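Protein chains: 2
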Amino acid sequence: MKDLLGGKGANLAEMTNIGLPVPPGFTITTEACNAYQLSGEFPEGLEAAIEPALADIEATTGKRFGAQMNPLLVSVRSGAKFSMPGMMDTILNLGLNDETVQGLADLTENERFAYDCYRRFIQMFGNVVLEVEHNVFENILEEAKEKQDVHYDSELSPESLKWMVGEYKKLIARKTGKPFPQDPKEQLKEAIRAVFRSWNNDRAIVYRKINRIPDDLGTAVNVQSMVFGNMGNDSGTGVAFTRNPSTGEKKLYGEYLMNAQGEDVVAGIRTPRPIASLEQENSQVYAQFFEIATRLEEHYRDMQDIEFTIERGKLYILQTRNGKRTAPAAIRVAVELAREGLISKEEALSRIEPGQLDQLLHRRMDPNALLDVLAKGLPASPGAASGKIVFDADRAEKMGNSGEKVILVRTETTPDDIHGILAAQGILTSRGGMTSHAAVVARHMGKPAVCGCEALKIDYAERAVQIDQTLYPEGTMISIDGSTGRVISGTVLMIDPELSGEFKELLVWADEVRRLRVLANADTPNDAQKARDFGAQGIGLCRTEHMFMDPARIPIVQAMILAQNISEREDALAKLLPMQEGDFYGILKAMQGLPVVIRLLDPPLHEFLPNVEDLVVETTELKVTGNDPLALRNKEGLLRKVRSLTELNPMLGHRGCRLGVTFPEIYAMQTRAVFQASARLVQEGYMIHPEVMIPLVIHQKELVMLRNLVEETAKAVMAEQRVSFEYKVGTMIEVPRAALTADEIGTVADFFSFGTNDLTQTTLGFSRDDAEGKFLQAYLDKKILENNPFAVLDRNGVGKLMRMAAELGRKVNPNLELGICGEHGGEPSSIEFCHLIGLDYVSCSPFRVPIARLAAAQAAVNNNVQSK
Amino acid sequence: MKDLLGGKGANLAEMTNIGLPVPPGFTITTEACNAYQLSGEFPEGLEAAIEPALADIEATTGKRFGAQMNPLLVSVRSGAKFSMPGMMDTILNLGLNDETVQGLADLTENERFAYDCYRRFIQMFGNVVLEVEHNVFENILEEAKEKQDVHYDSELSPESLKWMVGEYKKLIARKTGKPFPQDPKEQLKEAIRAVFRSWNNDRAIVYRKINRIPDDLGTAVNVQSMVFGNMGNDSGTGVAFTRNPSTGEKKLYGEYLMNAQGEDVVAGIRTPRPIASLEQENSQVYAQFFEIATRLEEHYRDMQDIEFTIERGKLYILQTRNGKRTAPAAIRVAVELAREGLISKEEALSRIEPGQLDQLLHRRMDPNALLDVLAKGLPASPGAASGKIVFDADRAEKMGNSGEKVILVRTETTPDDIHGILAAQGILTSRGGMTSHAAVVARHMGKPAVCGCEALKIDYAERAVQIDQTLYPEGTMISIDGSTGRVISGTVLMIDPELSGEFKELLVWADEVRRLRVLANADTPNDAQKARDFGAQGIGLCRTEHMFMDPARIPIVQAMILAQNISEREDALAKLLPMQEGDFYGILKAMQGLPVVIRLLDPPLHEFLPNVEDLVVETTELKVTGNDPLALRNKEGLLRKVRSLTELNPMLGHRGCRLGVTFPEIYAMQTRAVFQASARLVQEGYMIHPEVMIPLVIHQKELVMLRNLVEETAKAVMAEQRVSFEYKVGTMIEVPRAALTADEIGTVADFFSFGTNDLTQTTLGFSRDDAEGKFLQAYLDKKILENNPFAVLDRNGVGKLMRMAAELGRKVNPNLELGICGEHGGEPSSIEFCHLIGLDYVSCSPFRVPIARLAAAQAAVNNNVQSK
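Order-wise, the sequence lines are chains A and B. Going by the working numbering, the first residue of the first sequence is number 14, and it counts up by one from there. Going by the working numbering, the first residue of the second sequence is number 14, and it counts up by one from there.
Treat the hints as calculated values from the structure; they're not laboratory data. Being a predicted model, the structure only gives us computed values, none of them experimental. Some hints here could point you the wrong way.
[What the hints assert, rightly or not] One-sided excerpt, in silico: chain A residues whose CB lies under 7 Å from chain B: (1) Val219; (2) Gln293; (3) Thr659; (4) Thr675; (5) Pro677; (6) Asp782; (7) Asn809; (8) Lys813.
[Claimed, not checked] Here are the in silico distance ranges between beta carbons for each label pair: (9) B:Asp228 x A:Met592: 37 to 43 Å; (10) B:Thr284 x A:Leu643: 55 to 61 Å; (11) A:Ala572 x B:Ser415: 24 to 30 Å; (12) A:Asp794 x B:Glu733: 38 to 44 Å; (13) B:Thr73 x A:Thr675: 52 to 58 Å; (14) B:Ala62 x A:Thr675: 55 to 61 Å; (15) B:Arg476 x A:Thr675: 47 to 53 Å; (16) A:Ala572 x B:Arg476: 35 to 41 Å.
Each residue gets a CB set at the ideal place from its N, CA and C atoms; glycine is no exception.
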């Protein structure tokens, strides 16, 4: 029922069904919301349906909506299919007016409580429904506290609260030109409208964009009778997870505040107490909550995030949902739930969002580093980050987008700060707990966060933060460690990640079910070893151009390019040969027993030469000063050569195997280096599996010509070295024509490797360098494209060509091996597509190998294909 | 039988069958040639088969091969499936040796004749078979003439010829280390081998490349008994066409030389006499030849090119073939043959190679121009050209390739000059007739040529030509008129072509059978009118960017691009609006009654701004001199802006409808201009059919968005102007993704127009600018690609996408109109492909419209599809 009732509404209905203490209520469907978005009006029948639903609540609770005696108050909350915490609006205590407030006071014999509820209600209603700014209400609150000379809200007297109610009503009349509505039914209708509208507020839109939630789902609205955590010191409210959302440990984890209501806990305004304290404070309620939490986890077969309220000692469950968690927690919870028998291994695998694992596979602080620890807060979201202090989200976004690393430092964060959190390396707050907004959002985004670090004295006006006696102005470099809560001066050395025991276990399960092999893209023995450690089953892409860029080699490479004739070029190539042989020797050795796919030179040659514009500047300077005619002549000569190699569209230019066609001697040298290294390793007793990959092929005849060159070189080297070894020769499929003629190319290839970076560029006619800086964002904003096609494979366009190439290639060559080595090879949705079209392997960067292993397993589980 | 016997062999066999006087002989098949190319050896059985074939000739002629009494002499000639005149080798008089020469002398009672044959044979054999250079034989010939003090070869005495024979034999022994072979059978085998080898000489390879003749056909070898045109003044040899190969006029056309042999006529060494003179000289032979020529034309149902020899008054036909002809002649011959009832209209259409028509559609000299005529030669190949005088083929090639226009000026040309003829604008020779090498090749290539212009005194050493008393050094600009034979000083004003009556008639026939409509690409009212005159049925591509480049507009366009905000941009657009409206008004008016497809702005905006490198130079100059800080600041600002718009791969960048997505106001202005012009024309009573074309679409949603913009603008303009008109909105298919998702895009398009220039670039990953300058030639030379894919549509790659798009689009939208507007729309093979995949129209440059009409008709005829 989640589609119709939203997550919250469906859970409330279900909890009521299984007999949990849930305040009675009803849910307005997402369909009504969508109808409202279209017409701006309530759909027909909605108002009529609300009446009997309210009457049901009245019957259950014995209270009456709008009655002075025993009045029914309700909460009105959003609840979408996918949880969007804090993004949409909520109104509590609805039903209060100048009359019912008195009834509430009489009923509870607590005038202070009643007026506290009333002033909260007016503020929320005023802010959310009537759109009066938050801070003008806060000013009146501050004035009331000053007048009475108290520090905390809870110290305000009934008189102060009554005064505030009066001031709030005046404020609303002044701002809106109308008095605060006293009719509870009108309040309810307006509140429902406001929640509907909040589906399209800026925060919600950004959140959906980040989390890829479709815009047309709409939100349900939950109307529920109020229970009160602020009815005195035997009342309270809290939030708890059935397991630790940071680590996954199976232990109740949460916070509560006594004599507080609703948003007080999650808003981080007061620092709450840990849930364990409740055992001392009220062991009976704790035991009941513990029992309910266990039942809910078993019922939903997942870690739960539960909101509860204690009203005068009685426990109510307001909400439960699957708890958001860090990646390590997600893994531990899934593995332990499977071990506990609550879910199957396959289900455990499906529970992990592979993209989330990214955070585990990045670097963390070197535990042996000497740290200048400035302060300590709560370890709110694991991982470590360094960056410049920034005090507001706008500046964080601006600096972050221009490539600077920043840490967003705030007393607390609100949903309005999302864009800044997104752009920052990490978050540091001085207030708020482990379930505060900053903590929840940071964990979800996989950003490190330290929260509630009370040693910080932030002065927004001065744009500086004081810690102890020292002032740190905006721009100071700091580091935070979200796993320990430490705040550290300056930058810190980071080290490589290691996989936890549960993570390794999960990946073993993944390996059992996946059909796709996972290889890695690596250009050095070091990267190759790292890939192997992460479980890579070979190298799917070893780029040889990076080896050419080595500073010790670049002069030789340039001499090779600028050679006036073939003999000069062969001299330079002869110098490069032993260097390349050494490169391949190291990589093949590191990967012994596994395949290593080596791509021959791919980029256009001018990438190895000085830049034209620099040369133009230097030439012009020499010309204007006229001091050094010889230098000018040389520089002009170089400029001419570089210019003759410069291309208008290098992406579509003289590169890839076009270099092999025009300068076969370059490919011959590289091939010889591969095979000489292979021969040495065979002589030394290693098992090696070299595979030579020809890039940018568009026609069978290119591959025939270059395959011949490779085979002749192999034969020659084997004869010279008196060894023999197996090898393969294949091609990248990265230009549409190659995919379209795969039934020709497939006859002369041992393997196809889809180069989806280039294939995306050519299939969409998008130069990645230009698109990402210039127009791609407009395409995403205007929803012409759902995703950046360079991140998530474009199944309809590029994918269609891949499917065609796979089918055509296999038709003529049933043994053809098929893989992918573009960046999409490490992206879960793209990996699923590779599974669906029957590729044999994906290849991705070493750090993404575990993600790919999991994503490949999920693809197999979700698409119900038998594992091999 | 042409595949096996070659053209010449098949014709000889056929002529023998119909009873013509053909010297007896036999043909060695192309299969034998191909076997020889592979193994370097005669295939099994070939030698054995030659023996009885020779015996048959001996039986028919009563002569014996190698016998001193009545010796049989033979010619050994190449003969491929497709005629390759002069490209391969021929040997005449084979069978002569020191003994048989005496027998020939006795038999003919003409010692002079016998030794003349012998010295010719030794020279040919020495040159062709033994590879002794031509000019060393010529030196001996010159020496003999000097010794005897005569001017012409025919004046040499028997003694001189005998002396030459001796010298020739010594020369061969010295050069080859072996005596000249005396055994006629050995001579024959060697000669056959040499003809086989000549299939792969450089000239033949170049010729096949130019004429797209496959390399694996091989040549047949024709061995035929000799008849002698040099047996005295009652003997002769000649070449004649049954109709005039320049004009097509139905009248015998040709030349002959008395007392001459074989190649003397075509080699252009002596200037021969026109065939009409034969009627006076020998009316009986002329009548017999006339009768045979008529029979041959009727038999082959085409204009014939006939070689004949008169041996002591008896006529022999040595060869007949379909004659090469100029484009006007081809048209006239085809149309007249059809009128005469010899061929059908469809056959007449198929007879014209559409590419050849190009020469008719180019400019010619203004007949009213005042010309400084320097000399007059033979009008050997029609058309006019201007260029610098160049005296050798190598230099002509070099200058031609670097973009200079040259006229190749030679005493005569040989097959070794082909590369120079190819690179020249036209050919001028001082010797040789209408059937000389220069004339034949020039007509075939469609280049203007003036031959036999005896007023020229060419001095190769001084690199100058003297005409009358004036010396014209190499590099002097001249013009030639190949239609009149005039040689003119300097350049000459050219005028537009007009279609001949036969051409028009042929095109009417074409229009009757073709299914494809033919539209034109035109950006101005002038071009539109020209297109209409040539029979265009509308404008298939009106590019709006050329209108932006107008010098009066470019400052406004730049202001529009550099606008800091949308209101600045709209100010500039408001200034452009009336200008664009005027453009469209003119074009729509010129094409009234016919559709006009207007493409909205396509190129990246930086194309309208100054060049980065120029700005870098200017900025650096200002920086180094330091004189003008203000100018420096402005220049730096401009440079920054231009740089921010500069792209790494502009071809794949921010252009096409991406501009419309990011700057809708630009497309809105253009659309408004189209519709305001339309509204005016409707008010003025014109029938107009505007169609708006959105370029570079890759996704249905782009087209949805921009189609909405167009429709809203149309609605607004119609309301403002109180008129209504029909219009269409379609898209270019020029990126693979558009083709792949044509079933989505097709639902929102009225038409697809294949932009095959860009589609070729993206499908092959070939930047045209870079490929044509850098690596495409290597791909053609190494035969990886058969054709330049930008000239001839790549059916296997690009074509596959087109076919897919056409099918997918029509599936979802049966009314979808399909066309092509890339340059391929004017190329015959590509037009055929468009016909095959069911497009509705092709669009090409105005001058190519007649070609496209014919090619479309041929596609329909050849593919046997009923005309609409």
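Hints and how they fare:
1. Of the supplied interface hints, the one on A:Val219 is violated, with its beta-carbon coming no nearer than about 21 Å to a beta-carbon of chain B, more than 7 Å.
2. Annotation: interface hint on A:Gln293 violated; nearest CB of chain B at approximately 60 Å, more than 7 Å.
3. The interface hint given for A:Thr659 is broken, as the beta carbon of that residue sits about 9 Å from the closest beta carbon of chain B, more than 7 Å.
4. Annotation: interface hint on A:Thr675 holds; nearest CB of chain B at approximately 5 Å, less than 7 Å.
5. For the restraint placing A:Pro677 at the interface with chain B, the shortest Cβ-Cβ distance is roughly 10 Å, beyond the 7 Å limit, so the hint is violated.
6. With a least beta-carbon distance of about 4 Å to chain B, the hint placing A:Asp782 at the interface is held under the 7 Å criterion.
7. Nearest Cβ of chain B to the Cβ of A:Asn809: about 6 Å, under the 7 Å cut. The hint holds.
8. With a least beta-carbon distance of about 5 Å to chain B, the hint placing A:Lys813 at the interface is held under the 7 Å criterion.
9. For B:Asp228 and A:Met592, the hinted distance range of 37 to 43 Å is satisfied, since their beta carbons lie about 41 Å from each other.
10. For B:Thr284 and A:Leu643, the Cβ-Cβ distance of about 60 Å falls inside the hinted range of 55 to 61 Å, so the restraint holds.
11. Checked against the hint of 24 to 30 Å, the pair A:Ala572 and B:Ser415 passes, with Cβ atoms roughly 28 Å apart.
12. Distance hint for A:Asp794 and B:Glu733: a CB-CB separation of about 31 Å, inconsistent with the stated range 38 to 44 Å.
13. For the pair B:Thr73 and A:Thr675, the beta carbons lie near 57 Å from each other, so the given range of 52 to 58 Å is met.
14. Taken as a hint, the range 55 to 61 Å is violated for the pair B:Ala62 and A:Thr675, whose Cβ atoms sit roughly 46 Å apart.
15. Checked against the hint of 47 to 53 Å, the C-beta distance between B:Arg476 and A:Thr675 comes to roughly 35 Å, which is inconsistent with it.
16. Between A:Ala572 and B:Arg476 the C-beta distance comes to about 40 Å, which sits within the given range of 35 to 41 Å.
Comparing the model with each earlier hint shows violations of hints 1, 2, 3, 5, 12, 14, 15; every other hint is respected.
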